[in-house]
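Protein chains: 2
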Amino acid sequence: MSDIIIGNVMQSPLKSLDYFQKSYDIRVRQLKEEQAKGTKIVGTFCLFVPDEIIFAAGADRIVLCGGKTDTIARAEQSLPRNICPLIKSSFGAIVDACCNGSLSCPHVQLVDVIVAEATCDGKKKMYELLPGYLPTYVLDLPQKPGSPEAITYFLSELRKFGKYLEDLTGNTIREEELKEQISSSNETRRLLHRLFDLRRQNPPPVTGSEILRVMQKQSFLSPDQFREGIRQLCDEVEHRSPPSGSGPRIMISGCPMSAGNTKISDIVEQKGGVIVVEESCTGTRSFWELVDENKEPWTALAERYLKIPCACMTPNDLRISRVVDLAKRFHVDGVVYYTLSFCHGYNIERLLVQKALKKENVPLLAIESDYGDSDIEQIGVRIDAFLEMVS
Amino acid sequence: MSDIIIGNVMQSPLKSLDYFQKSYDIRVRQLKEEQAKGTKIVGTFCLFVPDEIIFAAGADRIVLCGGKTDTIARAEQSLPRNICPLIKSSFGAIVDACCNGSLSCPHVQLVDVIVAEATCDGKKKMYELLPGYLPTYVLDLPQKPGSPEAITYFLSELRKFGKYLEDLTGNTIREEELKEQISSSNETRRLLHRLFDLRRQNPPPVTGSEILRVMQKQSFLSPDQFREGIRQLCDEVEHRSPPSGSGPRIMISGCPMSAGNTKISDIVEQKGGVIVVEESCTGTRSFWELVDENKEPWTALAERYLKIPCACMTPNDLRISRVVDLAKRFHVDGVVYYTLSFCHGYNIERLLVQKALKKENVPLLAIESDYGDSDIEQIGVRIDAFLEMVS
Chain V
1 MSDIIIGNVM
11 QSPLKSLDYF
21 QKSYDIRVRQ
31 LKEEQAKGTK
41 IVGTFCLFVP
51 DEIIFAAGAD
61 RIVLCGGKTD
71 TIARAEQSLP
81 RNICPLIKSS
91 FGAIVDACCN
101 GSLSCPHVQL
111 VDVIVAEATC
121 DGKKKMYELL
131 PGYLPTYVLD
141 LPQKPGSPEA
151 ITYFLSELRK
161 FGKYLEDLTG
171 NTIREEELKE
181 QISSSNETRR
191 LLHRLFDLRR
201 QNPPPVTGSE
211 ILRVMQKQSF
221 LSPDQFREGI
231 RQLCDEVEHR
241 SPPSGSGPRI
251 MISGCPMSAG
261 NTKISDIVEQ
271 KGGVIVVEES
281 CTGTRSFWEL
291 VDENKEPWTA
301 LAERYLKIPC
311 ACMTPNDLRI
321 SRVVDLAKRF
331 HVDGVVYYTL
341 SFCHGYNIER
351 LLVQKALKKE
361 NVPLLAIESD
371 YGDSDIEQIG
381 VRIDAFLEMV
391 S
Chain P
1001 MSDIIIGNVM
1011 QSPLKSLDYF
1021 QKSYDIRVRQ
1031 LKEEQAKGTK
1041 IVGTFCLFVP
1051 DEIIFAAGAD
1061 RIVLCGGKTD
1071 TIARAEQSLP
1081 RNICPLIKSS
1091 FGAIVDACCN
1101 GSLSCPHVQL
1111 VDVIVAEATC
1121 DGKKKMYELL
1131 PGYLPTYVLD
1141 LPQKPGSPEA
1151 ITYFLSELRK
1161 FGKYLEDLTG
1171 NTIREEELKE
1181 QISSSNETRR
1191 LLHRLFDLRR
1201 QNPPPVTGSE
1211 ILRVMQKQSF
1221 LSPDQFREGI
1231 RQLCDEVEHR
1241 SPPSGSGPRI
1251 MISGCPMSAG
1261 NTKISDIVEQ
1271 KGGVIVVEES
1281 CTGTRSFWEL
1291 VDENKEPWTA
1301 LAERYLKIPC
1311 ACMTPNDLRI
1321 SRVVDLAKRF
1331 HVDGVVYYTL
1341 SFCHGYNIER
1351 LLVQKALKKE
1361 NVPLLAIESD
1371 YGDSDIEQIG
1381 VRIDAFLEMV
1391 S
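Chains V and P are the protein sequences, given in the same order.
Position one of the first sequence corresponds to residue 1 (our numbering), numbered consecutively onward.
Position one of the second sequence corresponds to residue 1001 (our numbering), numbered consecutively onward.
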C-alpha cells in the first residue's frame, strides 16, 4: 500500500484499520444470528446506558446514533428543523426503517427494544415519540451528579433497568457475570488509554481521522471484537514509523460525532492540523474513567457512569478541568470546539471551557455545524486561519 | 372610565386591575425595607422552586424571568444567539445590573441570592454563568417524575435547599411555619381556580390579556398582596356585566410569558379570539395542583411540585391529558401552541399535544417566536386564518 497524506502529514497506512472496516459485515451477521437464536438486541444512543448491565443480562447492544444526512428530511416531516442533526438523523432512520422498511440504517431492524436516557431536551423529547415505532425504555439521570443522593437515585434507576432487562431476556443478572463484564469493559478502557497515550508523541503516529473512524465503532461492535481491534491497532501504531511532517496539535472538544459524521475532523486534518485528542463521547468521554472493580458492582457502575462529563450535567466542572488536563497532557496548541447545531448544552458550556483554556493560553475556535455540506468552505477558511494563528 | 374594546369584545374596565398596577411600586418599596432590616431576598426563575420553603425560612422571593427585549443584546455578547429569549433576557438583566448598575430590571438589585433549578438545557447552562454575578444555588430535579425514587430524590433536594436557606437567613424552618405557608399558598391556588372557572362562561367576563398581566405578577408580589388582588378580581369579575360580543374560544398552551411579553396573547385578542385559558407557567401550571395539607409537609411539597407538567419532564403524560381536559373544561375551539424560539422541549412536545387534541377535534396552531416585533404581522396573518377556521 502506498503512503497516505492527510494535510501535510504523510503516513504509511495502518493494516489494523482493515480489521475495523471488515468488522461491519461480521457484526451485522453476528447480530442476525443471535437474534435468530432468541438473544434480545438493545438499541442505545448514549454513553450513560451501561453496556455491562446489558451484556450481563445476556442481551446484546448496538448504537443507533445517526451521523448521516440522508434520514434528516424524513425526521423533519414531524420534528422541528431547528434541533440537532444527530437527533433528527437518528429519528429519521427509525421512522424510515419501521414505516418504509428502508435500510438507510440497517441497525434499526436488528433492534428489539430501545434503551434511551434523560440527557438533553431534544433527545429526551424525541424518545417520547419512539414508542410509536419500537418498545422504548428511558433511564433517568440526576442532573447534579456529585451528591450521594444523586448516586443513590441513579443506582435505583440502574437496578430498575436491570430488572427490565431480566424481564425482557428471561435471564437473571448474576453479580459474578456483572463483575466479569465490568472487568472486560475496563480492559477495553485501559487499551484505549494505551492507544490515546501514543498520540502524546510529537508528531503522533496516528491521525485524528483514523482514530475517529475507529471510535465510532465502539458501541456498534461486540466488546470482544472492538477490544481485539484496539489491541491490534495499539501494537501496530507502537511500531509505526513516525510521520514525515507535522502541524499544530489540535484537540477536538464538544459534541459526539456519530458514524457518518467526520466533517470537522477531516477538515482540520486536511488543512494541516494534527488532531491529538477528542474530548467527546466518541473520544475520551467514553473510556476515561474505569469502574471500580473492588466495589459492589451496581454501586460502582452508578458512580462511574455519573462521572461522564456530559454537558447535560450541572455544574459540569469535571469537564472543564478534564479539557484543561487533556490540553496539557496532549501538548495541545489549540482547541476546535465543536457544537452540533442547536445543541444548547455544549454551546453555552463553551464559555466556561474557553475561560479555563484562556488561563492556560490555549486558544479556542468555536464551530457550530450540522451534517450538511454547505458550510464546508466557510469552516475550512476559519480553521485555516485558526491553524495559522496557533502554529 | 369608558369601555375597553379588545378585538370584537367590548368590556367595562376592571377596577381591581388598578390594584395590580399600583402594587408594583409598593412591592419594590416593601422589598427594599425588608432588605434594610436584614431579610434575605431570593431571586427565582421557575415554578419548581417552592415558595413555601423560602417564606418559611423567613426570606422573601422575587421572580427574575425576563420578558423584555432590551437586555437581550447584552446577553448575546456572551450567550449564543440561537437560544430562547427568556434565558437571554434574564441573563442580560443580571449582567446589566451587576456590571453596569443598570436598572433595566430593578429586581436584580434587590436580590441576595439566586435559586435556580435544573429544568431545560439552556437555563441549566445559563445558571452556571451566574455565580460570576450573584451567589447562585441550583436545585436538582429528577426528569422522570412518577416513581417513588424520584420523589425521594427530589425530597432530599428540597431538604438540602431548606438547609441552605437556614444557613443563609440564620432562621430555622419550623414544621408549623411550613404548614402555614402551604395552607396560605393553597388558598391562593383555590382563588385562582375560582378566577379561572369564571372564564368557562360564554362569553367569559374577563379577557386573556387582562389575566396574563395579573398572572405575570404572581411570583413578583408578596403572597398576601397577590392573594388580596386575586380576591378583589374574583369579586369584581363575578359581577361584571357580560361583554357585548365574543369570538372563538382559544387556549394558549406552551412556554411561559414573562412580564413584558404579552405579544401572542395580545395578537390573538386583537384579532378577535377570546382567550379562555392559558396552559403555561404563567397560567394553570402555576396553581392547578394543591399541596396535600394532611401529609408531612416536605413530602407533600415534593409530591406536589413534581406534578408540575413542564416539558422538561419525561414522559410528560400529565401535560398531554391536562391540555385535553382544559380544552373540554373551557369549551375551547382552538389551541394556539406557543413556543419560545429554540425551546426544544415545548417545541417537540407539540407533536404529542397536537395528536391528543386531534382525537378531540380541537385544532392547533403552532407559533414559535421571540420577543422581537419583526414577526408580528406574519403571526397576525396566521392567527387571523386560524380564528376564521375555528369560528
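Bear in mind the hints are in silico, worked out from the structure with no lab data behind them.
Think of the CB as a built atom: it goes at the ideal place given N, C-alpha and C, for glycine as much as any other residue.
Mixed in with the good hints there might be a few duds.
Label-pair distances were calculated between CB atoms; the ranges are [unchecked claim]: (1) V:G146 / P:G1245: 50 to 60 angstroms; (2) V:D25 / P:L1134: 18 to 28 angstroms; (3) V:N171 / P:N1171: 49 to 59 angstroms; (4) V:D224 / P:G1132: 28 to 38 angstroms; (5) P:C1098 / V:P106: 52 to 62 angstroms; (6) V:D373 / P:P1013: 51 to 61 angstroms; (7) P:M1389 / V:M389: 55 to 65 angstroms; (8) P:C1098 / V:D235: 34 to 44 angstroms; (9) V:Q201 / P:Q1077: 38 to 48 angstroms; (10) V:V381 / P:N1100: 48 to 58 angstroms; (11) P:Q1378 / V:A36: 53 to 63 angstroms; (12) P:G1372 / V:M389: 58 to 68 angstroms; (13) P:P1013 / V:G146: 46 to 56 angstroms.
Results for each hint:
| no. | hint | in the structure |
| --- | --- | --- |
| 1 | V:G146 / P:G1245: 50 to 60 angstroms | holds (58 angstroms) |
| 2 | V:D25 / P:L1134: 18 to 28 angstroms | violated (57 angstroms) |
| 3 | V:N171 / P:N1171: 49 to 59 angstroms | holds (54 angstroms) |
| 4 | V:D224 / P:G1132: 28 to 38 angstroms | violated (48 angstroms) |
| 5 | P:C1098 / V:P106: 52 to 62 angstroms | holds (54 angstroms) |
| 6 | V:D373 / P:P1013: 51 to 61 angstroms | holds (59 angstroms) |
| 7 | P:M1389 / V:M389: 55 to 65 angstroms | holds (56 angstroms) |
| 8 | P:C1098 / V:D235: 34 to 44 angstroms | violated (56 angstroms) |
| 9 | V:Q201 / P:Q1077: 38 to 48 angstroms | holds (40 angstroms) |
| 10 | V:V381 / P:N1100: 48 to 58 angstroms | violated (36 angstroms) |
| 11 | P:Q1378 / V:A36: 53 to 63 angstroms | holds (55 angstroms) |
| 12 | P:G1372 / V:M389: 58 to 68 angstroms | violated (35 angstroms) |
| 13 | P:P1013 / V:G146: 46 to 56 angstroms | holds (53 angstroms) |
Of the hints listed earlier, those the structure fails to meet are numbers 2, 4, 8, 10 and 12, in rising order.
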